[in-house]
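Asker: Keeping the supplied structure of chain A fixed, place chain B upon it in accordance with the hints.
Number of protein chains: 2
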Amino acid sequence: MSVKAKAIYTFLSENKEEINIQENEELVIFDENSVDGWFQGENSRGERGLFPASYVEIIRTRSNSNVTDCSISPAGSLEKDSSYFHSYPITPPHLQQPYDDDEDDDWDDWDDRSTVVDDSDHARSPGANGHAHQSPLSNNPNVHYRPKPQMERQDSISSSRKGSMVGRNLNRFSSFVRSGVEAFILGDVPMMAKIAESYTIEMGPLGPRWKDNPQPFSCSIEDPTKQTKFKGIKTYISYRVTPSHTGRPVYRRYKHFDWLYNRLLHKFTVISVPHLPEKQATGRFEEDFIEKRKRRLILWMNHMTSHPVLSQYEGFEHFLMCADDKQWKLGKRRAEKDEMVGAHFMLTLQIPNEHQDLQDVEERVDSFKSFAKKMDDSVMQLTHVASELVRKHLGGFRKEFQRLGNAFQSISQAFMLDPPHSSDALNNAISHTGRTYENIGEMFAEQPKYDLFQMLDKLSLYQGLLANFPDIIHLQKGAFAKVKESQRMSDEGKMDQDEADGIRKRCRTVGFALQAEMSHFHQQREVDFKDMMQAYLKEQIAFYQRVVQQLERTLRMYDCL
Amino acid sequence: MSVKAKAIYTFLSENKEEINIQENEELVIFDENSVDGWFQGENSRGERGLFPASYVEIIRTRSNSNVTDCSISPAGSLEKDSSYFHSYPITPPHLQQPYDDDEDDDWDDWDDRSTVVDDSDHARSPGANGHAHQSPLSNNPNVHYRPKPQMERQDSISSSRKGSMVGRNLNRFSSFVRSGVEAFILGDVPMMAKIAESYTIEMGPLGPRWKDNPQPFSCSIEDPTKQTKFKGIKTYISYRVTPSHTGRPVYRRYKHFDWLYNRLLHKFTVISVPHLPEKQATGRFEEDFIEKRKRRLILWMNHMTSHPVLSQYEGFEHFLMCADDKQWKLGKRRAEKDEMVGAHFMLTLQIPNEHQDLQDVEERVDSFKSFAKKMDDSVMQLTHVASELVRKHLGGFRKEFQRLGNAFQSISQAFMLDPPHSSDALNNAISHTGRTYENIGEMFAEQPKYDLFQMLDKLSLYQGLLANFPDIIHLQKGAFAKVKESQRMSDEGKMDQDEADGIRKRCRTVGFALQAEMSHFHQQREVDFKDMMQAYLKEQIAFYQRVVQQLERTLRMYDCL
Chain A
587 MSVKAKAIYT
597 FLSENKEEIN
607 IQENEELVIF
617 DENSVDGWFQ
627 GENSRGERGL
637 FPASYVEIIR
647 TRSNSNVTDC
657 SISPAGSLEK
667 DSSYFHSYPI
677 TPPHLQQPYD
687 DDEDDDWDDW
697 DDRSTVVDDS
707 DHARSPGANG
717 HAHQSPLSNN
727 PNVHYRPKPQ
737 MERQDSISSS
747 RKGSMVGRNL
757 NRFSSFVRSG
767 VEAFILGDVP
777 MMAKIAESYT
787 IEMGPLGPRW
797 KDNPQPFSCS
807 IEDPTKQTKF
817 KGIKTYISYR
827 VTPSHTGRPV
837 YRRYKHFDWL
847 YNRLLHKFTV
857 ISVPHLPEKQ
867 ATGRFEEDFI
877 EKRKRRLILW
887 MNHMTSHPVL
897 SQYEGFEHFL
907 MCADDKQWKL
917 GKRRAEKDEM
927 VGAHFMLTLQ
937 IPNEHQDLQD
947 VEERVDSFKS
957 FAKKMDDSVM
967 QLTHVASELV
977 RKHLGGFRKE
987 FQRLGNAFQS
997 ISQAFMLDPP
1007 HSSDALNNAI
1017 SHTGRTYENI
1027 GEMFAEQPKY
1037 DLFQMLDKLS
1047 LYQGLLANFP
1057 DIIHLQKGAF
1067 AKVKESQRMS
1077 DEGKMDQDEA
1087 DGIRKRCRTV
1097 GFALQAEMSH
1107 FHQQREVDFK
1117 DMMQAYLKEQ
1127 IAFYQRVVQQ
1137 LERTLRMYDC
1147 L
Chain B
587 MSVKAKAIYT
597 FLSENKEEIN
607 IQENEELVIF
617 DENSVDGWFQ
627 GENSRGERGL
637 FPASYVEIIR
647 TRSNSNVTDC
657 SISPAGSLEK
667 DSSYFHSYPI
677 TPPHLQQPYD
687 DDEDDDWDDW
697 DDRSTVVDDS
707 DHARSPGANG
717 HAHQSPLSNN
727 PNVHYRPKPQ
737 MERQDSISSS
747 RKGSMVGRNL
757 NRFSSFVRSG
767 VEAFILGDVP
777 MMAKIAESYT
787 IEMGPLGPRW
797 KDNPQPFSCS
807 IEDPTKQTKF
817 KGIKTYISYR
827 VTPSHTGRPV
837 YRRYKHFDWL
847 YNRLLHKFTV
857 ISVPHLPEKQ
867 ATGRFEEDFI
877 EKRKRRLILW
887 MNHMTSHPVL
897 SQYEGFEHFL
907 MCADDKQWKL
917 GKRRAEKDEM
927 VGAHFMLTLQ
937 IPNEHQDLQD
947 VEERVDSFKS
957 FAKKMDDSVM
967 QLTHVASELV
977 RKHLGGFRKE
987 FQRLGNAFQS
997 ISQAFMLDPP
1007 HSSDALNNAI
1017 SHTGRTYENI
1027 GEMFAEQPKY
1037 DLFQMLDKLS
1047 LYQGLLANFP
1057 DIIHLQKGAF
1067 AKVKESQRMS
1077 DEGKMDQDEA
1087 DGIRKRCRTV
1097 GFALQAEMSH
1107 FHQQREVDFK
1117 DMMQAYLKEQ
1127 IAFYQRVVQQ
1137 LERTLRMYDC
1147 L
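Residue numbers (the working numbering), protein chains in the order written: chain A, 587 to 1147; chain B, 587 to 1147.
Looking at chain A on its own, in the form it has when it is part of the complex:
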């Protein structure tokens, strides 16, 4: 039965089976039971094809009110058209291009370029740091810039187990496939003899959560310094990075952060890896830009060190501690050869024994999905308001107060023109009042540095984190669909119960991991937004107090008249 739906995110097709959908566009879904997280349907322009189920919301009307309220009806998955199920060979991403470091291209001081041309998904991702390029439309204040959900995760599956009874995903570019989660769920990822890494999920009072890093630490980023080499031909910014547990500084450039970031994307399926601050092609040594990138790298680093899983990553440890060039190359290669990435990372997770009903987990995830969508919208809204306020502070507010100041000065000048009847004390006081308002205009223009910029930094971090979730939730939806499908096949005698149980068990791992990540996000959000609001209010209070002080000092000039 076809149902109506609305796109809650914009999705741009990347393959011929897919169709574009626009945020808020009305859609028709031919079968409301998604296949591996994909719906088949029609958009408002009459184009037919696939789009991600997690990008849309089914519209419930009176005529189909007998359908349950969750957009993916669990029971319904048994009714899907089995002609959708084909086996596609799983191939690695076909679009590999040389690494293009727009920061600068002299990797060779660390490593030779050929080993760095990597298997990353740079070429297809909207930007190396996960940020989409802003479309020209975004100059329109009604069109909100939204980073494209991260559809690109490393496909590290190199072999397809023949003869699997459960069909593989229709769309080989689905994040579910590419992330390796499909392969993991289907048991295609062989358990390895010894796994050095291990990340534990425990049950907390609010549900599953990552076990804390037993050696918590923080890390400062300071002193961005312009460096030159090749006799000044190349310039770059070096940051002093000092982890608290060693106290020994290392010096890192943006490209090192970017290398680490790409390692994280490869490895950590189901974890929302914070986006790096934007690259800026031109004017990157401009003071304000360096300052802004530093502030945002600090926030990025704080998120890294406070994440129980990311903070324990060996590649991160290498990044934080290695001060020797030769050692750096070795560690870098080791990290790039890490096998426990993508699907294999799932093998490193230790989950609690507690039983969780899969439907409860699904409801939990749906609830988070609604929350994340609304938070994404409101973070976007606040970002726009705060950006506009910055503009007003630098423009309108400053201008108005300066104009007032000029007008007072002009009055004072007029009063000086008829000397015998001119009071110097009054003229000075009025002229001083003029200068005070000119100062206040400047104070308004300066103020965003102390409050709104910090707010925008944090909002930008959260925009990145939130942009990851549609994809992560998509993984879980795909996993659950597999469980239902395998159960149906087992019920019909087409699959061993053991195999179905294996799929269900592995799906539990995905569910626990996702819940742990959701929980960590909430915990961090609470700390971060409390801090953000407090810091903003404190700076605002200090600002208005300074205005009051300026005005009080000025008022006193009239007392002696």
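You may find that some hints are simply not true.
Because identical chains share one entry, a pair is satisfied inside a single copy or across any pair of copies.
[Said to hold, decoys possible] Pairs of lysine-lysine, DSS-like flavour, derived with a Cα cap of 27 Å:
#1 Lys960 <-> Lys923
#2 Lys985 <-> Lys960
#3 Lys1124 <-> Lys602
#4 Lys985 <-> Lys1116
#5 Lys959 <-> Lys985
#6 Lys815 <-> Lys912
#7 Lys880 <-> Lys1116
#8 Lys985 <-> Lys1124
#9 Lys592 <-> Lys815
#10 Lys1035 <-> Lys602
Source of the hints: derived by calculation from the structure; they are not laboratory data.
Answerer: Below, chain B alone, put in the same frame as chain A:
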């Protein structure tokens, strides 16, 4: 010798001999020696004719640098073309129309209309209260609204003494003629047997000044109350007016103020009579308008009571004290029959014996003229800035803060969507922060009531006072020209020295009166602008302190988290 000049005010011709000149327009003056305060010249459109000398500034270039720097060269007046001198019969203003009270037209409750259809210059003046109607051009922010200089003063001269040797003003609509100052200077105004009124000018440390009112008083205007009559068909606002020296309230309507204002215009040549607040044809019972008119009537009244001459006017006393209908009519008629108006008012002035060199006086007046022009410009500038600030407070500022408030609320709402991970305390604090910024937006919108409105009120009063001065200065210029002309004629034996001495003596009176008025203006300006600036700063301080308090209270909500 023709010279270049620049118009410093716009002048619109009202007679065929005159030509229009625009502020900043370049002009050619055929003879830089003005005739009775008028130049003959050509505007930039090639039109030739007369325009007031006090409206222009002569441009000195290297080629005519041998000419002195004052725009009217005293010596030069002897060279003027005597063909300019014709005797025009002095006629009363020819454009008399029924009094049109747009407040309401039921004068009949005080007096019958026929006696009120008066000799005022309403019909020709830009507005009964001296305010020009704003031209459509004034929507252009670069075109400043400027009340047209008051060209209309009562011509109360009914007879022209035949055979006067000194020519009368070429232009019968010149304020110099209409004010009666020409007639007074030429000795056409007969000294009367007994003059009950007397206003003294004394020498102060800064020059001539009005002798203080021996019985100073103030006067409150309170409690504007909507009244109805004719069973509710007519509505009007009545103000309670309480002079301090009687303590007894009288009740007055705007039309009574307007009647008094027109009496003042008739009587007080050389005094800058404060303009009444604007009439407003529609919505005049709208609360804000009533409040604004009340505030401006209070300022008007304060200026009246603080003026040594105006405050002693019998018609004003009648306005302030008469509480009886019958007595009101009698007093009103008496004031309207007052003979000591216009030219005759000059007879009531007692001047000091000190000698003042006429050229010194002229320089003194020129210096005031420059000052008044610059003050007029800067008052206009401040008026525009303050009006724009009001608009910003009500619009942009409010909107920005409300948007910020909404965005915070939206964040708080998002945080409530995933209940097990939702902190009520944090959500409440953020939501409260949102409401605080919405309040701050409202506070911005309310603030002009406490500061900018008061500033604009006072600036409006001063715009009116300053708009009177070009005309008043024009009177003095005309008088001085007569002195020079008569001296020349006396030197040439064409006039008795006695008659020339009489003209010089009467010109001294005009000079003293003008200086006393200039001095009073400065004295009042100093008090008023000091008060205005202090009041503005105090309210601004209180405002930003309230903002700080609101933010501090909000910040405390985060402390307990």
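Asker: For a quick check of understanding: which of the numbered hints are violated here, in increasing order?
Answerer: 1, 3, 9 and 10
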